[in-house]
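Participant: In case you want the letters, here they are:
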Amino acid sequence: MTEYLQNNEDTIAALATPAGVGAISVIRVSGPKSIEAVDSIFDGAVKLIRANTHTIHYGRINYANEVIDDVLVSVFRAPNSYTGEDSIEISTHGSQLIVEKLIKSLLEKDIRLAEPGEFTKRAFLNGRMDLAQAEAVVDVINSRTEASLRGARNQLDGLLSAKVDSLREMLINSSSMLELELDFAEEDFEFLPKDKVIEKIDEIIFEIEKLLQTYSFGKVIRDGVNVALVGKPNVGKSSLLNYMLKESRAIVSEIPGTTRDVIREEFSLDGILFRLYDTAGIRLTEDAIEKEGVFRSRDAVKNADVVLFLNDIIDGFAEDLYKELKQLIKEDKILKIVNKIDLLHNHNIECDVEISAKTGEGIESLFKAMKQKAIGSESYSERGAVVSNLRHFNALKKAKDHLVQAKDSVKSGMSGEFIAVDLRNAESSLGEIIGKVTTEDILNNIFAKFCIGK
Amino acid sequence: MHFDLIVVGGGHAGIEASHAAAKMGVSVGIVTMDKTAFGRMSCNPAIGGSAKGHLVHEIDALGGVMGQIADRSGIQFRVLNKSKGPAVWAGRSQSDKKLYSVEAAKIISSTENITIVEDSVIEAIEEDRKIVGIRTLKGNEISCKALIVCSGTFLNGLMHTGLKSTRGGRFGEQPAVGLTESLIKMGFESGRLKTGTPPRLKLDTINYDILEEQPGDENPQPFSRRTDKTKFPFLPQISCWLTKTDGTVHQILEKGFDRSPMFRGLINGVGPRYCPSIEDKIVRFSDKPNHQIFLEPEGLDSDLIYVNGFSTSLPEEIQREAIAKIPGLENAEMVRPGYAIEYDYFPSYQIDLSLETKLIKGIYFAGQINGTSGYEEAAGQGLVAGINAALKILGRKEEFVLKRSDAYIGVLIDDLVGKTINEPYRMFTSLAEHRLLLRQDNADRRLYEFGHRYGLISDDEFKEMKEREVLITKSKDLFEEIKFKPDEINNLLESKATNLIDNAEPVSKLTKRPELNLRDLLQELDHEKYPLVKSLLANEKALEQVEIELKYEGYIQRQQDLIKKMEKLEEVKIPESFNFLKLKTISNESKEKLHKVRPRSIGQASRISGVSPSDISILLVYLKN
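From first to last, the protein sequence lines are chains V and L.
Under the working numbering, the first residue of the first sequence is numbered 1, with each subsequent residue one higher.
Under the working numbering, the first residue of the second sequence is numbered 455, with each subsequent residue one higher.
Next up, chain V with everything else stripped away, as it sits in the complex (with noise of 0.2 Å):
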């Protein structure tokens, strides 16, 4: 039995908060003898050991006559942490070193390094959250910017687990008035007419579509978009992009093709984290130098979300260049724009927006396409259910499948059992996202994914 268990009994500690950044870190302890091994570390007023659960005391950190920091310390005690053991979080100062010493410090006390998703894996085992939390939790981790955060937690407080629980409910309430008519033949109850059935599968298809509507928004809201900016050498692409980021980091110049290189650079609006990579221009070439900077851009183009396209006011539309990137990437994706508009008025040049890189004038409007290409027209509300992890886009999509194949049996005159076979399926695959069937390659899948000091 022991070994089934052991690995639960370790302490196990790790950096929580994001490696080299902000002025705090805080370093979490978690397992039977956290509590006591910080202590035995700690200089303060009050011991650890024999400290309330959820309580912070101000202390030293001394290690082998060496004062390392002035910390605060947090203690939980179990179940009321977020593992469901006892644990500590150690608030330090936002030092590299400071935090390498205080871990070193704790591993001498028989502590090991946690491994990636061991607090999250701990806190799910111990039964803290389940299985769409924890996902959740990934999710927050990698999560760069506060509208992520926020989606990211909406999801963590169950929003969409209980969503997905409510029309599980739905189906389950349809598919158990079909299974009364099977099972009571001979009763005198009123079975569920056809068209009822197609209305009630009907809904649930109508709640899963829009949920199925909030992935592109919950997939940017967790990762990003990807911008690629292309355009002629000299139509102002590096003038853009530094106006957009508001410094000056690419250089800007009139040589063409002197942005050899794929320039990445990332910034927030309205809570949406745009990465663009400002390219060489896709056009083929020669020059040995800029090869490699070619085959870069074009990969830009291939993995981007919007491609904004610039044309010179005063060259005109670029014909040839814009039938090459019709090769690489959906024209839907391609933003349209005419810069250079300080230095003339009229145009003919087609288009979507009209910006001067110099002035700034346009960008705003430009902001808005770039969102609107980006997650939709539609307007989301971010405290509403959001699909923001691939595995629950899948699976909503193949419980809409099986519903959808559910009322062509409906439609086609096949008696319940029938349809029964496709509501249990669609069942079985809601359930997956919340974790109501779950097989262990989920859990493999979820475990794998969980990055260190969570």
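Just so you know, these hints were derived from the structure itself, not from any lab.
Note that the Cβ used here is the ideal one computed from N, Cα and C, for glycine as well.
Please note that the accuracy of each hint is not assured.
Within a straight-line C-alpha distance of at most 30 Å, the following computed DSS-like cross-link-like pairs (lysine-lysine) qualify [stated by the list, open to error]: (1) L:Lys1005 / V:Lys397; (2) L:Lys1045 / V:Lys33; (3) L:Lys857 / V:Lys398; (4) L:Lys1045 / L:Lys937.
Stretch by stretch, here's where chain V covers chain L in the computed footprint (C-beta under 8 Å, at least three residues) [what the hints assert, rightly or not]: (5) 526-540; (6) 874-888; (7) 1009-1017.
Starting from the known structure of chain V, arrange chain L on it as the hints suggest.
Facilitator: Just chain L, lined up with the frame of chain V:
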């Protein structure tokens, strides 16, 4: 005195258990309080129905006798759900109760190796946690190697009508006292369940002229594959009659609620939700103005009518008064009031999938003692217990366990072992995730192999089935290959009002159209060119199987997909020595349930009621570590 196997009770479970074990070659002593009461139908005079009909077919395919007894004593046969697909077609028969008993007794007394012991078991004797014998009310001690307890509602049976309660296992019969106490002394846990039965009316006091008649099918179908179809049906066929309650009836019944043993809390046992008493129906479905009543004759020369749908334990005078207000029953004479009966059962986590108890080797439980309800459920368990007890006695190192994908019997027993029974358990088709595969029509294909292995299905029957199987497989393959060209088949398609084809299509594909049947399609083929088609057309059973499998292929495939997903969990085995109590990370409730049931696979664990999916995830992670 000694028998290899002692079977306690001569009901539907006892009959199958004794018959199967005796045929397998062990000596069987069947202990019954009344040797004229074999297979007595304590409640309704019917066999089969949705899911229950499936059980009867499976019992028959395994070599059991219920189907034959029902065929010989049947006075009405119907197939339910005929408007739906073949998976939910279910045979149901009305039996002449007396003849049912007579036919059952004939089988018991004509089977070699069975001795009837008219007595009552008051104690089971164990040594070193193994059964060694029993003591009876008449003071006999009989030794045995195995004991099957299938005592129905007789263990400390208590019948209620109004505030009057009578000890007994069935109307006019004594309860069995002592056995429960002796089992509890060994360490078994027992509980109380409740079931009920409606009043019986006098046949010739009912005004049939104003009632709706419910006749049997025009072409009655027998349950058993061994029943001689040329002589079937054996008995004259009768009709049942329909009527219903109304507000006046309900008002009268309500007057008696203050003397209802149920509502007064005098009954401790839990009753079934699917078969509620009429007073329960009125309370729980108060918006329903009427409740359907089926009047079922109890036999050809019986003067009793069974009032199906009117199970009650209200005081006798209330029952009488209410019945007089039901259309058609104005002048009906109530021969016997309805009653509720409470009895001991042994929560079924105490048995294994072989139906052997975990506590005492050699003791098996079957039927209502496991918390089930219904003749068919009891018979199915009796058969499995009988085969397993015989295997053990014969020293054959195997267990007869049917999987959920094999049979409804497999679903039934798996549910019993894994789920906590809160009410008498009844079989439903919706409990079978493999519903499209577990059909009545293919019960033999699913189960003959087992029946034959244990000597319950004859070599001839088995051989015929094997040959049929080859014909089915070959035909299915052939029909994927043979294609109809448009000009060969469009005439038929037109006459059947279905879309014409432009390109050649295989027979298998055309068969899937609801408007077409396989026989018609095959008539269009050149039989000289395809001798296989000729053989198939001559074999009705094989033809039926091929047609069903082709027609519903897509659905069957999709059901299989879902099942495969679940079966992955079935493959994750839990070591026998696994200590569930040491799992500190799951709720105490789950822990205790897991500890009680001791599931051997994650799949089995996942079906235990009260064990949540996250508990299963945790278990999975522990098993992986």
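Participant: The structure should be examined with respect to each hint, and the outcome stated for every one.
Facilitator: Hint-by-hint comparison with the structure:
no., hint, result
1, L:Lys1005 / V:Lys397, "holds (27 Å)"
2, L:Lys1045 / V:Lys33, "holds (26 Å)"
3, L:Lys857 / V:Lys398, "holds (28 Å)"
4, L:Lys1045 / L:Lys937, "violated (59 Å)"
5, 526-540, "holds (count 5)"
6, 874-888, "holds (count 4)"
7, 1009-1017, "holds (count 5)"
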